Amino acid sequence: YQRRVRGLTDRSMSWFQKEIALSPKSRGCHLVTEEVTKAVSEIKNFKIGLVNLFLLHTSASLSINENCDPDVRQDMETILNRLVPEKANYKHDDEGPDDMPGHFKSSMFGVSLTIPIDNGSLRLGTWQGIYLCEHRNRGGPRRVVVTIQGQIKET
Numbered sequence: 001y002q003r004r005v006r007g008l009t010d011r012s013m014s015w016f017q018k019e020i021a022l023s024p025k026s027r028g029c030h031l032v033t034e035e036v037t038k039a040v041s042e043i044k045n046f047k048i049g050l051v052n053l054f055l056l057h058t059s060a061s062l063s064i065n066e067n068c069d070p071d072v073r074q075d076m077e078t079i080l081n082r083l084v085p086e087k088a089n090y091k092h093d094d095e096g097p098d099d100m101p102g103h104f105k106s107s108m109f110g111v112s113l114t115i116p117i118d119n120g121s122l123r124l125g126t127w128q129g130i131y132l133c134e135h136r137n138r139g140g141p142r143r144v145v146v147t148i149q150g151q152i153k154e155t
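All the letters of the sequence shown, read from the start, carry residue numbers 1 to 155 under our numbering.
These aren't lab readings, by the way, just hints derived from the structure by calculation. Here the structure is a predicted model, which means the values were calculated and not measured. Please note that the accuracy of each hint is not assured.
[As the list claims (entries may be wrong)] Straight-line alpha carbon distances no greater than 30 Å define the calculated DSBU-like cross-link-like pairs of lysine-lysine that follow: (1) LYS153 - LYS25; (2) LYS44 - LYS18; (3) LYS47 - LYS18; (4) LYS153 - LYS18; (5) LYS25 - LYS44; (6) LYS153 - LYS38; (7) LYS47 - LYS153; (8) LYS91 - LYS25; (9) LYS25 - LYS38; (10) LYS25 - LYS87; (11) LYS38 - LYS18.
[Claimed, not checked] Derived Cβ-Cβ restraints for the label pairs, each shown as a range: (12) SER41 - ASP71: 24 to 32 Å; (13) SER121 - ASP93: 39 to 47 Å; (14) GLU19 - PRO116: 52 to 60 Å; (15) ASP69 - THR37: 16 to 24 Å; (16) GLN149 - ASP69: 29 to 37 Å; (17) TYR90 - THR155: 24 to 32 Å.
Built from N, CA and C at the ideal position, the CB exists for glycine as well.
Kindly produce the complete structure, drawing on both the sequences and the hints.
Written out as structure tokens, the structure reads:
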């Protein structure tokens with residue numbers, strides 16, 4: 001498989017960074033692609049590049065997965081709860097029974113995603129969307145540092 005690569009010069013590269021807050025979510029996996037793209041309208045200014053999303057929390061995670069059927073998100077939460085149950089006599093339970101399981105689930109998925117930008121849009125596959133996986137019963141708003149590197153569109 002071959003794909004044409006677009007060349008860039010140093011003068012055409014630009015960096016951008018901001019922090020956004022995702023609205024509070026109940027426990028589970030939530031599709032947040034639209035919330036992210038609305039909060040980071042600057043993506044549209046880039047011809048080509050990469051956007052990195054870095055979640056500033058230890059009991060939630062980011063993932064890319066199915067964006068069409070909501071049953072997938074429910075099944076993901078079911079599987080996570082089977083793999084990492086709450087009542088397993090964890091030593092770390094300072095904030096309740098969902099505390100340590102939340103940390104472990106966050107480590108399983110991770111807190112960072114890098115997504116290509118193509119002509120001002122995220123270059124996700126047809127059935128791909130950005131998930132915020134909330135692993136706490138009451139997680140609150142989740143802060144994400146968004147960093148973009150790429151070539152700005154010519155005006």
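Structure-based check of all given hints:
1. For the hint linking LYS153 to LYS25, the alpha-carbon distance of about 34 Å lies beyond 30 Å, and the restraint is violated.
2. A distance of roughly 15 Å separates the Cα atoms of LYS44 and LYS18; the hinted pair therefore holds under the 30 Å criterion.
3. Restraint check for LYS47 and LYS18: the C-alpha separation of about 19 Å stays at or below 30 Å, so the hint holds.
4. The suggested pairing of LYS153 with LYS18 holds, with an alpha-carbon distance near 19 Å, which does not exceed 30 Å.
5. Restraint check for LYS25 and LYS44: the C-alpha separation of about 26 Å stays at or below 30 Å, so the hint holds.
6. The suggested pairing of LYS153 with LYS38 holds, with an alpha-carbon distance near 19 Å, which does not exceed 30 Å.
7. The straight-line distance between the Cα atoms of LYS47 and LYS153 is roughly 5 Å, inside the 30 Å bound, and the hint therefore holds.
8. Note on LYS91 and LYS25: the hinted pairing holds, with a Cα-Cα distance of about 26 Å set against a maximum of 30 Å.
9. Of the supplied pair hints, the one linking LYS25 and LYS38 holds, its CA atoms being roughly 17 Å apart against a limit of 30 Å.
10. A threshold of 30 Å between alpha carbons decides the hint, and for LYS25 with LYS87 the separation of about 22 Å falls inside it, so the pair holds.
11. In summary, the hint linking LYS38 to LYS18 is supported, as the alpha carbons are separated by about 13 Å, within the 30 Å threshold.
12. Taken as a hint, the range 24 to 32 Å holds for the pair SER41 and ASP71, whose Cβ atoms sit roughly 31 Å apart.
13. Taking 39 to 47 Å as the suggested C-beta distance range, the pair SER121 and ASP93 conforms, at roughly 43 Å.
14. A hinted range of 52 to 60 Å is violated for the C-beta pair GLU19 and PRO116, which are about 22 Å apart.
15. Hint check: ASP69 to THR37, Cβ distance near 21 Å, so the stated range 16 to 24 Å holds.
16. For the pair GLN149 and ASP69, the supplied restraint of 29 to 37 Å holds, since their beta-carbon distance comes to about 33 Å.
17. As the Cβ distance of TYR90 to THR155 is approximately 54 Å, the hint placing it in 24 to 32 Å is violated.
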